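Participant: Now for the letters of each chain:
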Amino acid sequence: AQTVTQSQPEMSVQEAETVTLSCTYDTSESDYYLFWYKQPPSRQMILVIRQEAYKQQNATENRFSVNFQKAAKSFSLKISDSQLGDAAMYFCAYPPRSNDYKLSFGAGTTVTVRA
Amino acid sequence: DTGVSQDPRHKITKRGQNVTFRCDPISEHNRLYWYRQTLGQGPEFLTYFQNEAQLEKSRLLSDRFSAERPKGSFSTLEIQRTEQGDSAMYLCASGIGLNNEQFFGPGTRLTVL
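Residue numbers (this note's numbering), protein chains in the order written: chain A, 1 to 115; chain B, 1001 to 1113.
In case anyone wonders, no lab produced these hints; they're calculated from the structure. Owing to the predicted nature of the structure, the values given are computational and were not obtained by experimental measurement. In this text, a Cβ means the ideal position worked out from N, Cα and C, and glycines have one as well. Treat the hints loosely; a few may be bogus.
What the hints assert, rightly or not - On the chain A side, residues computed to face chain B include the following (Cβ under 8 Å): (1) Leu47; (2) Ala87; (3) Ala107; (4) Thr112.
To be verified - Stretch-level coverage of chain B by chain A, calculated; a stretch enters the list once three of its residues show a Cβ under 8 Å from a Cβ in chain A: (5) 1040-1053; (6) 1068-1081.
Okay, chain A solo, but in the shape it has when bound:
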């Protein structure tokens, strides 16, 4: 079965500091997309960042960046200069097969930002 593993149920970070969330996945595909989604408390899920597996360059979106290690099937998210508004549950997701449009999600990591 294709799976996504987020090994950190909770992470806490001081405001303005950096936190890294881990994600590993299992696929036999060579070309696929990987996603990090953010779900604030009682609010809807939004896309944080997307990585295309055939691109070696790690994706960056403002304070959010990824460390994509294709051979290791690892896709971590780094949040720099953490802000109070970053407090949320973060989900790693990917399509289980190359011709899949659905996404498989990890169990999530709850990020708490301390003022």
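Got chain A sorted already, so can you dock chain B onto it with the hints?
Facilitator: Showing chain B alone in chain A's frame:
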């Protein structure tokens, strides 16, 4: 762009009742997805449509669940004879293109008493 909308946002029902949820995707999106999310977990795929065709259903979708997208626009998800185990957040998402990116609605939170 109004985003993905879902109605109702909350539904409380008694066990054995039928419920129906509606999702309106982003207008130009041809794909529409339904997921279920329980507290503290990631969303689990239920089913998806490309235009009006239902292309895939998860084994999570028992015969009490049915989804439709009659004109390739909005979709409905019906649960018949609800059970307490159906209590969850039901998320709808839509997408277009080849990159699997999905835009989520706010969800419908179902509580079965």
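Participant: If a hint holds in the structure, say so; if it doesn't, say that too.
Facilitator: Against the structure, the hints:
Interface restraint check for leucine 47(A): the shortest CB-CB distance to chain B comes to about 6 Å, inside 8 Å, so the restraint holds. Nearest Cβ of chain B to the Cβ of alanine 87(A): about 16 Å, over the 8 Å cut. The hint is violated. For alanine 107(A), the interface hint holds, the least distance from its beta-carbon to any beta-carbon of chain B being 5 Å, beneath 8 Å. With a cut of 8 Å, the hint placing threonine 112(A) at the interface with chain B is violated, because the nearest CB-to-CB distance is about 14 Å.
Counting residues of the segment 1040-1053 of chain B whose C-beta sits closer than 8 Å to any C-beta of chain A gives 8, which meets the bar of three, so the coverage hint holds. Under the rule that three or more residues need a Cβ within less than 8 Å of chain A, the assignment of the segment 1068-1081 of chain B is violated, with 0 such residues.
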